[in-house]
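Trainee: Let the hints inform the model, and build the full structure from the sequences given.
Protein chains: 2
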Amino acid sequence: MEKVREIVREGRRVAKEDPRRVVHSFKVGLVLALVSSFYYYQPLYDSFGVNAMWAVMTVVVVFEFSVGATLGKGLNRVAATLFAGGLGIGAHHLASMSGATGEPILLAIFVFVQAALSTFVRFFPRVKARYDYSLLIFILTFALISVSGFREEQVLMLTHKRISTVIIGGLSCVLISIFVCPVWAGQDLHSLLASNLEKLSFFLLGFGDKYCEAVGNDDTKEVDKRKNDFDNYKSVLNSKSNEESLANFAKWEPGHGQFRFRHPWKQYLALGELIRQCAYRIHALNSYLNDDTKVSIDIKKKLREPLRRMSLESGKAMKEMSMSLKNMTKPSSCELHVQNARSACKSLTNLLNSGILKEVEPLELISLLTAISLLIDIINLTEKILESLHELASAAKFKNKIERPNLLPEKTSAKSIVSVRPIKCHDDDHVITIIEDDGNDDDTSKNDSRKMKEVSNHGET
Amino acid sequence: MEKVREIVREGRRVAKEDPRRVVHSFKVGLVLALVSSFYYYQPLYDSFGVNAMWAVMTVVVVFEFSVGATLGKGLNRVAATLFAGGLGIGAHHLASMSGATGEPILLAIFVFVQAALSTFVRFFPRVKARYDYSLLIFILTFALISVSGFREEQVLMLTHKRISTVIIGGLSCVLISIFVCPVWAGQDLHSLLASNLEKLSFFLLGFGDKYCEAVGNDDTKEVDKRKNDFDNYKSVLNSKSNEESLANFAKWEPGHGQFRFRHPWKQYLALGELIRQCAYRIHALNSYLNDDTKVSIDIKKKLREPLRRMSLESGKAMKEMSMSLKNMTKPSSCELHVQNARSACKSLTNLLNSGILKEVEPLELISLLTAISLLIDIINLTEKILESLHELASAAKFKNKIERPNLLPEKTSAKSIVSVRPIKCHDDDHVITIIEDDGNDDDTSKNDSRKMKEVSNHGET
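Chains A and B, in that order, give the protein sequences. Position one of the first sequence corresponds to residue 1 (this note's numbering), numbered consecutively onward. Position one of the second sequence corresponds to residue 1 (this note's numbering), numbered consecutively onward.
Honestly, the hints are just simulated from the structure, not real lab data. Ideal Cβ placement from N, Cα and C applies to all residues, glycine included. Please note: incorrect hints may appear among the correct ones.
What the hints assert, rightly or not - With the C-beta cut set under 8 Å, the calculated list includes, among others, these residues of chain A facing chain B:
#, residue
1, 26
2, 30
3, 32
4, 33
5, 40
6, 108
7, 111
8, 116
9, 120
10, 140
11, 280
12, 284
13, 349
14, 362
15, 365
16, 372
As the list claims (entries may be wrong) - In silico DSSO-like cross-links for lysine-lysine, where the CA-CA straight-line distance does not exceed 27 Å:
#, chain 1, residue 1, chain 2, residue 2
17, A, 128, B, 16
18, B, 234, A, 384
19, A, 251, A, 399
20, A, 326, A, 16
21, A, 234, B, 384
Mentor: Written out as structure tokens, the structure reads:
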């Protein structure tokens, strides 16, 4: 009884996590019930006979969660069946010419050679990635046709029936998956990257404050809570295989919504890789939040402002990139945030240069400077991610963000001033900070911490 | 023509990478040719008829590369076929009681409910990991049996034939995969972890030298070569999904070689995770080999000895662990290496405490101390990996290493001296170093660099 209740709970959780799963289950049930009507209705049964079961089988095997996966599998299956059917007929014809004793031997050899060769080709990485299923069906159909052909005289008839039932089964899957509540792998990949960016931005937006204020607070509950809040980014670390399979499926999908047929899915993988690289750094940085080597509050206080700005600004840049990806608009003010982060870096370097580190213990110094170095790394990666996003934006023809027209020329000029390395432009810091705080409050709802930051920024100015 | 040559080249590469792939292809061809003999021989054909094709299908679909995957799929398929067959007969019986008009409607409802429910259950993470294929076959068989039953009167006969052909097909796959050149997923997982450890050790063994000597050498060819040599560890970063699927397959495998049936495969995943964590750190460390911020040769020279020892000793520990995992012996002298690395840490800290950093530029300092911090992290992780390996060794009952009996008591006592944290035992450093150099030369062949190190160690003493 307890077991049953647990299963129901798990079911609810699975459904809540992605309600499209429930819809998908209904779709599969529907198509299967439809296709099995082949057996019920005499006219249909008369034309296909037991071969109708191939339609049922095709539906069960081909109907996948996303349109891309279904389309890919369906096309693979139909193409492989056609090709193997043709080859099977050829093999049958060839074998039948060699007499009654020769035929089974020749057929066995054909099946052996074809199966061994195709199985080997499945190990090719490029084949495995896209045509693995094709080859499986190829082996299957060839074996079935060439071998069944030995018995049934109407091998052509059999092949024809098998191919048409497979096409009918595949087509119903594809049509239902496209026209009834479609789940697009491309859309999923797109959202996955945007949400990954957001997860990283969440960490970075909070890191500065947490890092500088964490010392001396030994409340374990508090520490645990902080850990949980920040652990969201961890799912990014292992997102590679998921991204790759989604991109593979997306390639099969026709244009949908804002995505054209040849949307640059490959560029998504490049962007995803950079995001993951950044997540690795964040993972390392996270360990310094609860480090054993306590860096003294004193030195942290001195470095607090630039440290907070570095993480806050890169976090803002990530947040903006996530928004721009989500809305498919060109990233506009991200450069400013990156610039601000760089200028904060510069202030930090100046501060470090001023001899502030002279009294710090080596062990503290290691912990502190590693955190700083990781932050710098993260800022570098943020810049690379931005570049990659720009490439994606131009390849996928993202729209320009709608802005008040009178603001545009100012912004462009501001950008052109700061588009060089930050080392050269630290005089512009305050100007940039003001522009950025102005332009950013529009598209965020959780701006509690930002407001706070704004206040302290104004204090600084 | 060029295309064909390229394919042949690719084929050779694939075969060379893992020659078992060729063997596997032959095995698949063999089983398929065998099973299709059902069609050729009149006695066999008489008893199974067209249902013989289920055997062919089972072989094509079930025969996987490793024994575990084949066994898992085969058992899944047979169990699901049995269960769904029973349920299908029940559904057919129930439907046939409701009259000629009610029957197809009731059957369609059954198929719909069963397909929708099973499809939904496939989304449960735990089910997806192990029983995904079961459910697929469950849906398929239920639909085929309950629906075909509507036509054919002998539904029991049909079910019986389907089940026995599936069992025959599955059994031949399983038998051939176990008894003809078996590929054990468990063995593969075991070797994968050992080789991952070795890759990390390769990096660490070389890192110290490369890091301290790299400055000022701007020969790009040299830099490129170094990069390539060290990039081996990168495959470890994304090994998670591979390890997980191998562990999943391994659970299905019977005892083989040194592995019992309930070998602690779960512990391998824990160990693999730690190794991957270490690889992340190494990935970060690698970026400091070719860093833009050049740390001056001066300071590197001063820190060279402890830095080199830290990376060398952790590398040696990794190497030993890799060997011990490979040979399934308990790790013996790893503790000493970890200990040595820790004592090198201690010397480094002393050196840093001596005010050596006073004149270093902040940017250099960041680069230098981050590298140091990462190395310390790596040493900590090495210790954790060792712990995890010890757990694995006791859970999997690894043998003790065969040693000269008269050396054993000495070693034990030496170990007991140094088994506490290094901070407390820095007086023993030299003793430990000597023991370790002594005990280690046995099981390594590439000891050029080690010899060098030994010399410099003695110089130090």
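Trainee: Run every hint past the structure and note whether it holds.
Mentor: Hints, verified against the model:
no. : hint            : in the structure
1   : 26              : holds, 5 Å
2   : 30              : holds, 7 Å
3   : 32              : holds, 4 Å
4   : 33              : holds, 4 Å
5   : 40              : holds, 4 Å
6   : 108             : holds, 5 Å
7   : 111             : holds, 5 Å
8   : 116             : holds, 3 Å
9   : 120             : holds, 4 Å
10  : 140             : holds, 4 Å
11  : 280             : holds, 5 Å
12  : 284             : holds, 6 Å
13  : 349             : holds, 6 Å
14  : 362             : holds, 4 Å
15  : 365             : holds, 6 Å
16  : 372             : holds, 6 Å
17  : A:128 <-> B:16  : holds, 17 Å
18  : B:234 <-> A:384 : holds, 20 Å
19  : A:251 <-> A:399 : holds, 22 Å
20  : A:326 <-> A:16  : holds, 22 Å
21  : A:234 <-> B:384 : holds, 20 Å
The structure agrees with every numbered hint stated previously.
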